[in-house]
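Colleague: Sequence:
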Amino acid sequence: MKNALIISLIVFQLFSCQKDDKKSANIASNNITMEVPKCLYPQLKAGYSAEKSETDYPNYEYKISDLDCSIPLLERELQKKSFKFLSPEDFSTKVYEIFHRKIDYGKTTKYLYVDGNNACNKEIIYNKNSDDEMVPQSYYLVKNKSFITELLSIPEIIDYQKEFPESLKYEEEQVNKNQGDVKITKWSEDNNLAQIRNNNIEKLVNRNLFLFNNKNEQLTWLLSNDESFLEMLCKIYGYDYNDKINQHFIKKNIVNNSIDRNINFFFNESCDEKLVIHENFINSFNNTLQISKKSSDAIILKNIASRVMSSPEYEKFSKEDKVMLVSYLANVFDPLFKTYHNDNTDWGTLTILADAKDYYDAEWNEVTSIIVKNNYYNLPNLKMSLDYANQFDSVGAPD
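Heads up: the sequence shown runs through residues 1 to 399, numbered per UniProt numbering.
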């Protein structure tokens, strides 16, 4: 009787294990939980895209639960590429260095929101960066896993039909293409889905290896395939530490002299309305100009200085802040003007500081005092440039 009871228990246990195995057979990693299918099916039901009255229709509202259930899958992909997950202390340090944000691990929030258009917006929204026109582009720093990600649907991360075979049957039998007056395109009907998945994983891996593991070899891929992300880092968050990134945007964008597109490579505004100068980017630009020596490349510096001094858009900045920025730009432009302005007329008739002298007029002595008081901001060419500007008269340059 006792033996029979033991045998019965063993059989029951084996049956239970088989049942559990069957239940979890679709899970290809120990890191994936049963939460994944729970968010997968609603996403499948909503389809890859939807139309209503022949117009694109938002058939699915993404929530924190969608982000939550994607994290184990994304973590697994990073593990495959030998990503080193930083300690909370090291991750916090890196996040502050890159995004100027402090992580409070005392708060129960899972994510730190990174707005791709406004560094000061910290109110989390759940946006998918489905295309470059999505505003704002949204990113999420995962506090307890130490990586950054976008919000992605499960089909955009893994081959869901392979990893969760029952989902194929669900999509074929229970997902209707016509849902009332809304017509959907099923995820399985997207012929580009495999390529989309691959690109999403490449972005995830290369961004994180570069930003948090200091793997500079990933930069070549990022510059070729994820340029908008790097541009966001530079212009919105002032990430100007990498000369290769700076030079990439200088060669591609700055030489076209479009101020509106490029002005925030040189500076931006802090959340307390202070002017923040991107010193390293200006240094990189200076290195470029020392080689090209072209007025057509350098003139954007003068145009930016003029706009900051005179445009109502920048009245909110203090005079001290504006004088400092003008000084940084003059430190690069004015010595080049002095050396080459007699070679061709494209350099114009005034240096940046000579132009500032005309603009500030009666306040010029005050401006000069600000510069001197700040020890010329430790800029190597500024004292010479200031002395040179003071020699300009109504005719123009002294030489």
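Quick caveat, the hints were computed from the structure, so don't treat them as lab data. Glycine included, every Cβ here is placed at the ideal spot set by N, Cα and C. Watch out, some of these pointers could steer you wrong.
Stated by the list, open to error - Below, a list of computed lysine-lysine pairs in the PhoX-like style, where the Cα atoms sit at most 20 Å apart:
#1 LYS183 with LYS84
#2 LYS274 with LYS338
#3 LYS63 with LYS102
#4 LYS177 with LYS203
#5 LYS84 with LYS143
#6 LYS162 with LYS110
#7 LYS274 with LYS38
#8 LYS122 with LYS94
#9 LYS107 with LYS162
#10 LYS45 with LYS183
#11 LYS316 with LYS274
#12 LYS186 with LYS45
#13 LYS145 with LYS162
#14 LYS203 with LYS81
#15 LYS38 with LYS63
#16 LYS293 with LYS357
#17 LYS145 with LYS94
#18 LYS52 with LYS186
#19 LYS169 with LYS186
#20 LYS162 with LYS80
#21 LYS373 with LYS357
#22 LYS215 with LYS203
#23 LYS128 with LYS45
#24 LYS162 with LYS45
#25 LYS177 with LYS45
#26 LYS215 with LYS52
#27 LYS80 with LYS177
#28 LYS244 with LYS38
#29 LYS203 with LYS80
#30 LYS183 with LYS81
#31 LYS110 with LYS63
#32 LYS122 with LYS143
#33 LYS169 with LYS63
Said to hold, decoys possible - Between beta-carbon pairs, the in silico distance windows are:
#34 ALA194 with ASP90: 53 to 61 Å
#35 LYS128 with LYS293: 41 to 49 Å
#36 GLY396 with SER369: 24 to 32 Å
#37 GLN179 with LYS274: 21 to 29 Å
#38 ASN176 with ASP272: 46 to 54 Å
#39 GLY348 with ASN214: 21 to 29 Å
#40 ASP68 with ASN375: 14 to 22 Å
Colleague: Against each hint, give a clear statement of whether it holds in the structure.
Modeller: Results of checking the hints against the structure:
1. LYS183 with LYS84: 43 Å, violated
2. LYS274 with LYS338: 31 Å, violated
3. LYS63 with LYS102: 24 Å, violated
4. LYS177 with LYS203: 31 Å, violated
5. LYS84 with LYS143: 15 Å, holds
6. LYS162 with LYS110: 29 Å, violated
7. LYS274 with LYS38: 46 Å, violated
8. LYS122 with LYS94: Distance ~18 Å between LYS122 and LYS94 Cα, so the pair holds.
9. LYS107 with LYS162: Not satisfied, since the Cα-Cα distance of roughly 38 Å exceeds 20 Å.
10. LYS45 with LYS183: Cα-Cα ~11 Å, so holds.
11. LYS316 with LYS274: 9 Å, holds
12. LYS186 with LYS45: 8 Å, holds
13. LYS145 with LYS162: 26 Å, violated
14. LYS203 with LYS81: 12 Å, holds
15. LYS38 with LYS63: 13 Å, holds
16. LYS293 with LYS357: 25 Å, violated
17. LYS145 with LYS94: 14 Å, holds
18. LYS52 with LYS186: 15 Å, holds
19. LYS169 with LYS186: It holds: about 13 Å lies between the C-alpha atoms, which stays within 20 Å.
20. LYS162 with LYS80: 18 Å, holds
21. LYS373 with LYS357: Answer holds: LYS373 to LYS357 is near 17 Å, not above 20 Å.
22. LYS215 with LYS203: Satisfied, since the Cα-Cα distance of roughly 14 Å is no more than 20 Å.
23. LYS128 with LYS45: Cα-Cα ~17 Å, so holds.
24. LYS162 with LYS45: Cα-Cα ~18 Å, so holds.
25. LYS177 with LYS45: Holds. LYS177 to LYS45 sits at ~9 Å (cutoff 20 Å).
26. LYS215 with LYS52: The hint is violated at about 45 Å.
27. LYS80 with LYS177: 36 Å, violated
28. LYS244 with LYS38: Distance of about 43 Å is beyond 20 Å: violated.
29. LYS203 with LYS80: Within the cut-off at roughly 14 Å; holds.
30. LYS183 with LYS81: 39 Å, violated
31. LYS110 with LYS63: 13 Å, holds
32. LYS122 with LYS143: 15 Å, holds
33. LYS169 with LYS63: 25 Å, violated
34. ALA194 with ASP90: 53 to 61 Å: Once the Cβ atoms are compared, 35 Å apart, the range 53 to 61 Å for ASP90 and ALA194 is violated.
35. LYS128 with LYS293: 41 to 49 Å: 46 Å, holds
36. GLY396 with SER369: 24 to 32 Å: 25 Å, holds
37. GLN179 with LYS274: 21 to 29 Å: 51 Å, violated
38. ASN176 with ASP272: 46 to 54 Å: 52 Å, holds
39. GLY348 with ASN214: 21 to 29 Å: 43 Å, violated
40. ASP68 with ASN375: 14 to 22 Å: The hint (14 to 22 Å, Cβ to Cβ) is violated, given that ASP68 and ASN375 are roughly 52 Å apart.
In the structure shown, a violation is registered for the earlier hints numbered 1, 2, 3, 4, 6, 7, 9, 13, 16, 26, 27, 28, 30, 33, 34, 37, 39, 40, in ascending order.
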